[in-house]
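Visitor: Take these sequences, add in the hints, and give me the full structure.
Here are the chains, one letter per residue:
There are 2 protein chains.
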Amino acid sequence: MKKIITISREFGSGGRTIGKIVADQLGYAFYDKELIEKVAEKTGFSPSYIKERGEYSPSASAFSYSFMGRSHDGLSTDDYLFSVQRKIILDLAEKGDCVIVGRCADYILRDRADTMNVFIHADKKKRAERIVKVYGASPVKPEKRLDDKDKKRRVNYKYYTDRDWGDYHNYDISLDSGTIGLERCADIICQLARAE
Amino acid sequence: MKKIITISREFGSGGRTIGKIVADQLGYAFYDKELIEKVAEKTGFSPSYIKERGEYSPSASAFSYSFMGRSHDGLSTDDYLFSVQRKIILDLAEKGDCVIVGRCADYILRDRADTMNVFIHADKKKRAERIVKVYGASPVKPEKRLDDKDKKRRVNYKYYTDRDWGDYHNYDISLDSGTIGLERCADIICQLARAE
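Chains G and Z, in that order, are what the protein sequence lines are.
Residue numbers are given in my numbering: position 177 of the first sequence equals residue 177, and the series is strictly consecutive.
Residue numbers are given in my numbering: position 148 of the second sequence equals residue 148, and the series is strictly consecutive.
Just so you know, these hints were derived from the structure itself, not from any lab.
Treat the hints with care, since some could be wrong.
[Stated by the list, open to error] Facing chain Z, from chain G, some residues (calculated, C-beta under 8 Å):
| # | residue |
| --- | --- |
| 1 | Leu-90 |
| 2 | Glu-94 |
| 3 | Lys-95 |
| 4 | Phe-119 |
| 5 | Asp-172 |
| 6 | Thr-179 |
| 7 | Leu-192 |
[Said to hold, decoys possible] The calculated lysine-lysine pairs, modelled on DSS-like cross-linking and capped at a C-alpha distance of 27 Å, are:
| # | chain 1 | residue 1 | chain 2 | residue 2 |
| --- | --- | --- | --- | --- |
| 8 | Z | Lys-126 | G | Lys-158 |
| 9 | G | Lys-125 | Z | Lys-3 |
| 10 | Z | Lys-158 | G | Lys-151 |
| 11 | Z | Lys-158 | G | Lys-125 |
| 12 | Z | Lys-3 | G | Lys-126 |
| 13 | G | Lys-126 | Z | Lys-158 |
| 14 | G | Lys-38 | G | Lys-87 |
| 15 | Z | Lys-151 | G | Lys-158 |
| 16 | G | Lys-51 | G | Lys-33 |
Predicted model only: the values in this text are computed from it and were never measured.
Yeah, the Cβ is synthetic: ideal placement off N, Cα and C, and Gly gets one too.
Guide: The following block contains the structure:
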């Protein structure tokens with residue numbers, strides 16, 4: 001039985017939804033927004049600020065570093081947020097039985113044998129349709145929104161882990177939610193989590 | 001129901017064995033050695049030569065090109081072998097209900113909606129143990145054997161497909177056979193193949 005499931009996902013692939021279904025089916029805690037709230041509580045930053053920075057830094061890292069005047073033990077704001085987030089993820093993992101979405105959790109928990117790492121992706125056309133359906137239309141073309149968000153996730157992951165986001169070496173399983181379907185992806189993950 | 005399953009695999013990951021189990025469970029034809037024999041029949045080259053070149057060219061492509069003196073419609077030997085192999089894979093896919101291991105089959109059949117593409121990998125330590133067990137010891141260190149073989153597969157795949165071997169975009173599912181186990185990998189693939 002895997003006590004912790006990390007889900008990394010391309011924007012618009014439905015990885016968050018799959019994580020929620022898995023958590024419900026296994027009776028596990030689900031950390032996505034909850035994680036943001038914990039970081040907010042700990043740091044005093046607003047949840048919306050953390051949502052924006054927690055996975056999408058450090059594109060403006062140098063800026064925030066100078067702007068904040070090294071007020072966090074000599075760390076830039078992004079690095080400080082990452083360190084708090086990292087500590088919270090390690091604590092949550094100690095409690096066990098949880099699904100954690102994004103936030104480099106696969107890397108942060110890489111030394112735990114009771115963790116299963118999942119990557120969810122889908123082709124761009126399907127993801128573009130999904131984000132318009134789920135998040136609504138925007139003046140920015142959906143393909144551009146996908147590229148921007150994935151690029152930020154990729155850069156953020158590389159910066160904090162020195163690994164390549166989406167690289168198969170980092171995951172027990174990678175699934176194309178576009179061809180397989182969200183429900184079926186969740187079923188497979190649950191099966192694997194339950195296996196000895 | 002997916003009528004064709006392609007399996008790409010890191011050397012030593014047990015991808016071939018998984019493919020065989022899947023083929024047996026689904027009652028599908030299994031093409032690995034069989035494919036080599038068909039190419040041999042068609043070209044007159046020896047099966048052992050094709051085994052070596054079919055996935056591990058074109059490291060010596062320029063050499064074989066000049067050496068063979070453009071005897072294959074102006075193609076180098078490697079390109080000629082690839083073109084024969086490609087044609088055979090397209091023909092086999094037409095017949096349907098089969099598992100094809102390696103040989104860029106995922107790329108060659110990319111336009112068929114009835115194809116499921118699988119990538120099998122495992123960490124180097126587990127693969128090193130496995131190749132010594134399956135193929136026997138060798139004066140060359142197992143880690144070196146893995147690197148050499150995977151490098152050749154990567155270069156061959158890139159040359160003929162212009163895509164990156166192992167890149168998640170190319171597969172419906174990627175599985176770590178080291179953490180999941182060969183039998184369980186095969187079960188998941190069969191489940192997905194059977195799904196509507």
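Visitor: If you test the structure against every hint from before, which numbers come out violated?
Guide: When the structure is compared with the hints, numbers 1, 2, 3 turn out to be violated.
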